[in-house]
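Novice: So you can see what is in the structure, the chains are spelled out below.
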Amino acid sequence: MTHELVNGLSSAEAEQVLGLGTRMIVPSGTSLFQLGDPADRLFLVERGRIRLTLPMRVRGQDQDVFVEERGPGQAVGWSALIPPYRFTLTATAVVHDAGVITLPREALLKYFSANPAAGHRIALNLAVIVGHRLQLFQTMWLREMQRTVEVRSA
Amino acid sequence: MEMLLMGLCVAVFGAGVAAAAFGAATRSESPKSAVQPGLPLVKAATAPRFFSDTIATSPAISTQQVPIEVLLLQIENHVRMEQAAAESFLAFPSHAQLHSKTNSPFVN
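Quick mapping for you: the protein sequence lines, in order, are chains R and F. Counting from 1, one number per residue, gives the positions in the first sequence under the numbering used here. Counting from 1, one number per residue, gives the positions in the second sequence under the numbering used here.
For reference, chain F alone in the conformation it holds in the complex (with noise of 0.2 Å):
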């Protein structure tokens, strides 16, 4: 009976250990994916902003926020705006005339 008792006891012990030790297995495992190279860099490349999920649109969904009207007036304001550029190239060709940075609000 003690035979058994002690038998009963060791298993139990064993059995302790082990669960212990793949506990202990698995904890390790997991900083080792935490400080894998590529996930730090993924973090990096994210600039840091503030609730900028539910906040921010792209350019195009903007664009489609805008009434039509409007929207034809900041091409037909961009069309203008272009024209003077390009008669100043044409009054004076130039490198630098032909790339001026355009002040369109359209494109910027």
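Same shape as in the complex, but just chain R (with noise of 0.2 Å):
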């Protein structure tokens, strides 16, 4: 399987990258990391499914909404990268146990620093990464507010 984190690695420097993590499963229904807590690891999937969901209130109540669904091959929990290193959504695996190879940080940091070339590649995979989530935001955004438009000037 091919991470999307790892793109464009040798196989040599993938499975280095890979090796600082650890395997873990994740048993549906459970979740991998709430919103708010301390980002200090990224995870990639291996199998199964993660939902990606953000409380929103409906009816006087927080509910977790949907909002993305991750699988094999897909990173997630990026905040661990970014400051200010706190996770923006809570994730929690769906349908099937999951099973994640959980990445700490400051492994990922030094790896960087020791392999620049190899981290390089890894920050311009991130940058896709995030890249994309923010021009679907963006366009699921404008949507959104294009109905609002249409509505009130109805």
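The set of hints was computed from the structure by calculation and includes no laboratory data. Certain hints may be false.
[As the list claims (entries may be wrong)] SDA-like, lysine to any residue: derived pairs with alpha carbons at most 20 Å apart:
#1 R:K110 - R:P84
#2 F:K101 - R:A154
#3 F:K101 - R:R152
#4 R:K110 - R:P83
#5 F:K101 - R:Q16
#6 F:K101 - R:T148
#7 F:K101 - R:W141
#8 F:K101 - R:M140
#9 R:K110 - R:Y85
#10 F:K101 - F:V66
#11 F:K101 - R:R143
#12 F:K101 - R:M145
#13 F:K101 - R:G19
#14 R:K110 - R:S10
#15 F:K101 - R:F137
#16 F:K101 - R:P83
#17 F:K101 - R:P84
#18 F:K101 - R:L142
#19 F:K101 - F:V70
#20 F:K101 - F:R80
#21 F:K101 - R:V149
#22 F:K101 - R:Q138
#23 R:K110 - R:Q16
#24 F:K101 - R:K110
#25 F:K101 - F:A84
#26 F:K101 - R:E144
#27 F:K101 - R:V151
#28 R:K110 - R:I82
#29 F:K101 - F:E69
[Stated by the list, open to error] In silico contact screen, one side only, chain F against chain R (beta carbon under 7 Å); selected entries:
#30 E69
#31 I75
#32 E82
#33 A86
[As the list claims (entries may be wrong)] Stretch by stretch, here's where chain R covers chain F in the computed footprint (C-beta under 8 Å, at least three residues):
#34 87-93
#35 96-105
Quick caveat, the model's predicted, so the values are computed rather than measured. Beta carbons are placed, not taken as given, at the ideal position from N, Cα and C, and that holds for glycine.
Got two chains here, each in a separate frame; can you build the complex from them with the hints?
Specialist: Okay, here's the thing in structure tokens:
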């Protein structure tokens, strides 16, 4: 399986990066992290689905509302590499138990210092992931605003 | 005595004429107010609906009646559909893609 975070690295470099982490099982229905938690590690999904949610006030109560779903090969929790290092979503395994690789920030930063070229490549991959999320939600935001404008000007 | 009776008759007749004139004047004012230009416009703006007052419900009220699990599922489906639309836009950015109408029942 190719992980998007190590895309473009040699197989030896990818193995080194993945070797920095530990594999863990997230039982279905269990949170990987909660909104506001300190983000000191990011996760690479190996199997299963991770559901990302945000709390929305629905009928006076906080309800977890679906934002996005991440699957095998995708990274979750890149807040671990971006200040202020707090998770901005809640991540939960859904449907089946999920398998993830946990990569501590400190270990990654040490590796980047020792291997600048690989670190640069991973930083670019991270930019692709973050940029895609930004573009996606920018587009969704505009479409929602467009609908609001149409309703108000009707 | 005859003069008194005649005067009484004239007075009663006069009162009757005054009452008839007052009644006629009052009747003539009512139709005038009914044909004021504003009222027909107000009536025309309301579409004719049978029993509309008893069965009409606002979207907010009908949303309240949906079980919360169903509502959350509707939101999730809406988000998924909008993400798909946004992905299509990002693959081939254009004004038409950006402003394409959604089929999501949540907002339709």
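Novice: Compare the structure with each hint and give your call.
Specialist: Here is how each hint holds up against the structure:
1. Restraint check for K110 (chain R) and P84 (chain R): satisfied, since their Cα atoms lie roughly 19 Å apart, inside the 20 Å limit.
2. Only pairs whose Cα atoms come within 20 Å are accepted, and K101 (chain F) paired with A154 (chain R) is accepted, the gap being roughly 16 Å.
3. Note on K101 (chain F) and R152 (chain R): the hinted pairing holds, with a Cα-Cα distance of about 17 Å set against a maximum of 20 Å.
4. Proximity of K110 (chain R) to P83 (chain R) is assessed by CA-CA distance (about 17 Å); at most 20 Å being required, the pair is judged to hold.
5. Annotation: proposed proximity of K101 (chain F) to Q16 (chain R) is violated, straight-line Cα distance about 47 Å (limit 20 Å).
6. About 13 Å separates the Cα atoms of K101 (chain F) and T148 (chain R), which keeps this hinted pair within 20 Å; it holds.
7. With a C-alpha separation of about 14 Å, the suggested pair K101 (chain F) and W141 (chain R) falls inside the 20 Å cut-off, and the hint holds.
8. Pair hint K101 (chain F) plus M140 (chain R) holds up; C-alpha atoms about 12 Å apart against a cutoff of 20 Å.
9. At most 20 Å may separate the alpha-carbon atoms for a hinted pair to count; K110 (chain R) and Y85 (chain R) meet this at roughly 17 Å.
10. Of the pairs offered as hints, the one joining K101 (chain F) and V66 (chain F) is violated, with about 25 Å between alpha carbons and a cut-off of 20 Å exceeded.
11. Our distance criterion of 20 Å between C-alpha atoms is met by K101 (chain F) and R143 (chain R), whose separation comes to about 9 Å.
12. Proposed proximity of K101 (chain F) and M145 (chain R) is supported: the alpha carbons are some 13 Å apart, at most 20 Å.
13. With a CA separation close to 46 Å, the supplied pair K101 (chain F) and G19 (chain R) exceeds the 20 Å bound.
14. A hinted pair counts as satisfied when its Cα atoms are at most 20 Å apart, and K110 (chain R) with S10 (chain R) qualifies at roughly 19 Å.
15. A C-alpha spacing of about 17 Å is found between K101 (chain F) and F137 (chain R), which places the hinted pair at or below 20 Å, so the restraint holds.
16. Simply put, K101 (chain F) and P83 (chain R) have alpha-carbon atoms about 37 Å apart, too far for the 20 Å limit, and the pair is violated.
17. In summary, the hint linking K101 (chain F) to P84 (chain R) is not supported, as the alpha carbons are separated by about 37 Å, beyond the 20 Å threshold.
18. At roughly 13 Å between alpha-carbon atoms, K101 (chain F) and L142 (chain R) fall within 20 Å of each other, so this suggested pair holds.
19. Of the supplied pair hints, the one linking K101 (chain F) and V70 (chain F) is violated, its CA atoms being roughly 23 Å apart against a limit of 20 Å.
20. With a C-alpha separation of about 15 Å, the suggested pairing of K101 (chain F) with R80 (chain F) holds against the 20 Å cut-off.
21. Taking the CA atoms of K101 (chain F) and V149 (chain R), the gap is about 14 Å. The hint holds against a cut of 20 Å.
22. Of the supplied pair hints, the one linking K101 (chain F) and Q138 (chain R) holds, its CA atoms being roughly 17 Å apart against a limit of 20 Å.
23. Of the supplied pair hints, the one linking K110 (chain R) and Q16 (chain R) holds, its CA atoms being roughly 12 Å apart against a limit of 20 Å.
24. Using a Cα cut-off of 20 Å, the hinted pair K101 (chain F) and K110 (chain R) is violated, with the two alpha carbons roughly 48 Å apart.
25. Taking the CA atoms of K101 (chain F) and A84 (chain F), the gap is near 12 Å; set against the 20 Å cutoff, the hint holds.
26. Of the pairs offered as hints, the one joining K101 (chain F) and E144 (chain R) holds, with about 11 Å between alpha carbons and a cut-off of 20 Å not exceeded.
27. Between K101 (chain F) and V151 (chain R) the CA atoms are separated by roughly 13 Å; this keeps the pair inside 20 Å, and the hint holds.
28. Distance check on the hinted pair: K110 (chain R) and I82 (chain R) sit about 16 Å apart at the alpha-carbon level, within 20 Å; holds.
29. For the given pair, K101 (chain F) sits about 26 Å from E69 (chain F) by alpha-carbon distance, which is inconsistent with the 20 Å threshold.
30. Interface restraint check: E69 (chain F) against chain R, minimum CB-CB distance 10 Å, threshold 7 Å, status violated.
31. Below 7 Å, beta-carbon pairs count as interface contacts, and I75 (chain F) has one with chain R at about 6 Å; its hint therefore holds.
32. Taking 7 Å as the C-beta cut-off, the interface hint given for E82 (chain F) holds, the closest approach to chain R being about 5 Å.
33. For the restraint placing A86 (chain F) at the interface with chain R, the shortest Cβ-Cβ distance is roughly 4 Å, inside the 7 Å limit, so the hint holds.
34. Residues of the stretch 87-93 of chain F lying with their CB closer than 8 Å to a CB of chain R number 3, which satisfies the three-residue condition for coverage.
35. With 3 residues bearing a CB less than 8 Å from a CB of chain R, the stretch 96-105 of chain F meets the requirement of three and the coverage assertion stands.
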